[in-house]
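Engineer: Given the coordinates of chain R, work out where chain H should sit on it, guided by the hints.
The listed protein sequences correspond, in order, to chains R and H.
Numbering-wise (this note's numbering), the first sequence opens with residue 1 and increments by one.
Numbering-wise (this note's numbering), the second sequence opens with residue 1001 and increments by one.
In short, the hints are calculated from the structure, not lab data.
Take every hint as true, because none was put in to throw you off.
Calculated pairs, SDA-like style, for lysine to any residue (alpha carbon to alpha carbon, straight line, at most 20 Å): (1) R:K219 x R:S59; (2) R:K83 x H:L1342; (3) H:K1328 x R:N91; (4) R:K115 x H:V1004; (5) R:K83 x H:N1341; (6) R:K112 x H:S1005; (7) R:K139 x H:G1007; (8) R:K139 x H:R1013; (9) R:K5 x R:S42; (10) H:K1200 x H:T1178; (11) R:K10 x H:T1478; (12) H:K1292 x H:Q1047; (13) R:K160 x R:G31; (14) R:K179 x R:K191; (15) R:K56 x H:S1472; (16) R:K115 x H:P1003; (17) H:K1200 x H:T1210.
Chain R regions said to be covered by chain H (calculated; three or more residues, Cβ under 8 Å): (18) 95-101; (19) 104-116.
As the structure is a computational prediction, the values presented were derived from the model and not from experiment.
For every residue, glycine included, the Cβ atom is placed at its ideal position computed from N, Cα and C.
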Amino acid sequence: MLEVKNLVKKFQSGDSVVTATDDITFTVPDGQFASIVGRSGSGKSTLLSLLGALDKPTSGSIVVGGQDVANMGDHQLISYRGKSIGFVFQNYNLVPSLTALENVMLPMEFAKMPKLERIERAKSLLAEVELEPDQMDRKPGRLSGGQQQRVAIARALANKPKLILADEPTGNLDSATGKMIFDLLHQLSRKENTTIIVVTHDLEIAGKTDRTFKLDDGKLVK
Amino acid sequence: MNPVSRGIRNAFRNGVRTTSIVVILGLSIGLSLTMLVAQKAVENKIQSVKSSIGNTVTIAPAGFNPSSQANNALTTSELDKVKSLAHVSSVTETLAGHQSTTGSSTPSFGRFGDSSSGTDSTTTSLSSPITLNANGPGRFFASGGSSDTGTTTFSLPVSFLGTTDPSSVEGTSVTLKTGRAISGTSDTNDALVSDAMAGKNNLSVGSTFTAYNATLTVAGIFTTSNKSVQGTVVLSLPALQRLSGQTGDVTSAIATADTLDNLSSTTAAITSTLGSSADVTSAQEQADNTVKPLNSVKTVSAFSLVGAVVTGAVIILLTMIMVVRERKREIGVVKAIGGSNLRIISEFMVESLTLAVMGAIIGLFIGVIGGQPVTKMLVNNSTASTNSARTSFQRPDGMGGVFSEKISSDTTDTTAPRSFAGRFGQGVQRNGAVKGLSNIKAQIGWGMLLDGFGAAVLIAVIGSALAAGMISKVRPSTVMRAE
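One chain only, chain H, in its complex shape:
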C-alpha cells in the first residue's frame, strides 16, 4: 500500500473525529471562500463604479445651498477660462430653473435652485407629469415647515434646464422620439419636452406653451426612463438665461478631461482658475467617495479571509499534532521495520490533505450558497450607515421630508423622484451611486474554486509542517521504551 492510499485510509480511522474536523474545517474554508467572493465582488464593483463615472470634473458655485436665496452663480465668462485650459476637451454649462404651474398655490420652498436674483412670480401653463407618492401634499407641507397644511391645489413645479448640450440631461442621454434637436448655444424659444410631459399636457411637435411670461415652442419630444428628466423642459442655455433674467449665470458645469490620466492635473488647473468662487470635484474624487463603503467591506473581508485561513491552518495543525502524539508508538514501529521519515511524513501529509480537501468540498458549498447573501449583507450594512449619515444634508430646508425620505428609504425603485434634491448638488447623486453599490453581484468562477482548493492545500501543508517535524524526531527506540 503506497503512502497516498495509506494516508487517505488513515484520515478515516476515527470516523467521529474525522467528521468533526471536516465540518469545522469546512466552515473555516467556507468562510474564507465567502470572504474571497465578497472581496472580488467588491473589487469588481469599485472598478465598475470608477470606470462608469469617467473623466469628468463637476463645477458648482462655492458653498452652493439650494435653500439659500443668496447663492452666487458661476458665470459663462469664468467658465470660458476653464474651456481654454489645456487638457479640457469640453465644458457643458447648465442653468436650472423652476416654474409653478398655473392655478396652484405657491409652495413655501420657493425657487428650487434658481439664482438669487429675486423670486419668480411667473408660472407655466404646463403641468408636471411627476406625481407625489401616497404621503400626499398634506404631508409635504407639514414637513416643509408651512402652516398651510390645508392647501390642496398645489401641484409640483416644472423644472427648466438650460444647457449647452441638450442631448444629455442630468448625465442621461435623451433620445428624440419626434421633432428635431435644438442647439445648446442659439438663443431661441425652442424647447425639448419628454413624452411624459407631452402626454400630460397634450403637446406635440410645434405646440406652444407659456413660461417665464414667454411663449415657447416644442421642437422635439424625447423619451427617457428617468422620472426627474421626464419632468424637465430642456432649453438652450442662452434662452433660459434670457427668459429667467439671469444673463451670464450658470448653476453648474461639467468639464471633461481629454484622458483619465490628465484628470487630476485638469482638476487642479480648474480649481486654480476659479479660485474660491467654485467647488470643483473630479469624478475620481466622487468615485473615491462613492466607493468608501465598499473599501470598508473590502477591509473587513480581507481580515476575515486571513482569519479564516489561519483558523483552518490551526485546526489542521492541532489535529495533526494530536494524531502524531497518539500514533507515536506506531511511528516508532514503522521506523523499526524500515520505514523512512520521508515515507511516514508523506502519509501524514496525505492524511492532512485529505481532511483539508474534504473540508474544502464542504467549504465550496458554503461559499457558493453564502457568497452572494453575505456580500450583500456586508455591503448593505456598510452603505446603510452612509445613507443615513447623508440624509440630513440632502434635505433642503422648507422642502420637507417627502423627497429625501423617499430617496433614502427606497432602495429598489429606480424611478423614484429625486430630481429636486439631485439637481442641487452631489449628495443625492452620490446617494444614487451608493444605492447602486448594494446592487452587487458575487460570482464564483473556476479561478476562485481553484483558489479555494489552493487555500485548502496551503492549510494542509502549513498544518502538517509541525507534525512532520515531530515525526522526524520520533526515535525507533520509542517502541522499546513503550514496552
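Next up, chain R with everything else stripped away, as it sits in the complex:
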C-alpha cells in the first residue's frame, strides 16, 4: 500500500517560492496500475521524484509498505531506492558504458546479490521483456529506443520492488512500440503484483490504467 498524506514540495525560484505539489493526499493499493496526468508544469515529475525518494518533501508523508520515506536518513534512502523502487525514464537512462545485461545487473549488485544469481536473474528478466539473447551483450548505443526501454523495464524489476515509477515511458517511442511497452508494464505488474505509477500526457494510455490521478498547478483535482 502506498499512502501519500498532505504532501507539499516548495522550491525557491529567485525571490519567489514555487509550490510544486500542494497538499496532495491519496492511496494506491498493492499491485494497482495507476497513472498521473496533467499539463506540463503541473507537478507530475516532482510528485514522482518524491514518491521515488529522489527528493525530500517540504512537508507531509509518503508511506510505502509501512515505512515513512519522508523521514528516512540518507543511508536508508539509498537502500530504499535500490530495493523498494524501480524507475523507468522517458530517456531510458541506461549506463552507456555497460551492456544490456550489465545494466540490469547493476541494481542487484548494489543490493549485494551474489554474482551468479545476478546473471541468472538479469538474463531471465531480459528474456521476459523479449530482448533477444544476442542483444543482451550490446551496449545501449547499439539498441533501438524500444529495446532500450525494455532493458530499462527489466532493470526496474531487478530487485523485485514494491513500487515501479515510470516517467513518460512511451514518450520517446512510436505509437506501436509505445503500446507494446505499456502492455509489457501492465502485464508485469499483474505477474509480479507490483504497484506501478505512470506519469503520462497520453489520456488514452491513462484510460487503460486501474486508476488515474489528475494534477493541476500542484493540486490533485481528480
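Structural biologist: Relative to the frame of chain R, chain H by itself:
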C-alpha cells in the same frame, strides 16, 4: 561488475581523450621523475664531494699571488704554533720551486711560485717530461706578453717540491717503483723523481743530476698518472729550503683536524693563530664552494619537481571535473537505482588512478631515458658559468693562455697539464673539482620507481578529490530534471 573493473573500463570510454590525457600526464610524471633523478644524483654527488675532500685545512700566505714577486711566505715557526693547537693531528708543509732547463732561454713569466727573494738564475740538468700541446711555444709566448715570439729553444721548467710528507704530492699518493722513500724532515740531497722524469732523463736509482747549483741523487722512482706530479722532483722540505735559499719559508701547508666534527673549530683556531698573515680555508668551505653549482641544480630540480607534480595533479583534477560534469546525469541514474556516494566515488578514483598509472608508465620510460642527459645538461650549464667566471683569475700574468685555456676548455682529458696554475692556489683545484662535478651518474633504482608510482597515486588522489566532492553533491533527482 565491481567498482575497480568499472573504474578501469570507464578510463577507456573515450579513446582519444584517454590517450591525450595519458600522454600529457606521462610527460608531467616523466619530468617529475627526471627532476627527482637529477636531485638524487646531485645530492649523492654533493655527499661524495664533501666526503672526498675530508677534514683538512689549507693554509696559504695571505693574498698569495703567483705572478707577484712580493709574496710573503709562511714560516715554519708560524706553522709550529699551528701544530701545537688542539685537534690538529698533523701539518704537512710544502715549498714549491722551479728551475729552468739547461740551454733553454728564460721565459718571461720568471719564477713559478718561488719566494720573493730574488730571481733564480740557476738551471737544472733535467728536462721536463711534460710536453706542450699543439699550440706550441710560439703561442705560449705570444699569450704571455713576451715579444720574443721567435724563441724556439724554450722547454718547460722543472718543478721542485720540498715537503714534510714525500709520500704524497699535491694531494696524490705516490707509489715507489724502485729505490727508497726519503724523509720529509732530514736535510739531504736525496730526491724522488717520477718514472716519466726518469725515462726522459735516463735516470735510475743512484743517478745524480744538478739543480740549484748542487748535485742531487735519485733515491727513489715513483709512479703516478698525474701529469703535473710527473714533472715534479720531490725533496725534503729542509733540503729545498736550503738549496733555494729560503730557509724557514713555506709556500703552503695542509693541517688535518682529528675529526670532521672539529674541522670548523680547528679552522677558526688556525685563523686566529696566524692572523692576517695567512689565508686559511677549510675543506668544508672548499666543498661548499665546489658544490655551489650543484646546489643551484638542486634548487632548479626541486622547483621543477614540484611544478611537474602540481601540473599533473591539475591535469587530473580538470579531467575528472570535466568527466563528472559530463556524467552528471549518469551519476544521478546510478544513485536513483541504489548506488551509494562511496561506490560512485570509488569508481571515479579508480578511473583517475588508472589514468595516472598509465601516465606513470610513460613517465617512467621518460625518466629512465631522460634522467641522465637532463641531469648532465643541468650540471654542465651550471658548472660552465662557474668555469668561465674562474678562468680569469686562474691565469697568472705573463704565463699566457695556454695552460689556463687548456684547463678550462678540456673537460675530458684528466691528464691535462695544470700543475703550474694549480700549485699557486685553489682556483684550479676547484676547477678540477668542478670538472669532476659534471661527471655525474644519474641512476633510477627501485626506490625511485616506487616514488614515481607514489607520485602518480598522489596525483590521482589529489586530482579526484574535488571530483569526489562534486559527485557527492549530485542529487538523484537530477535525472528527473534532465527529462
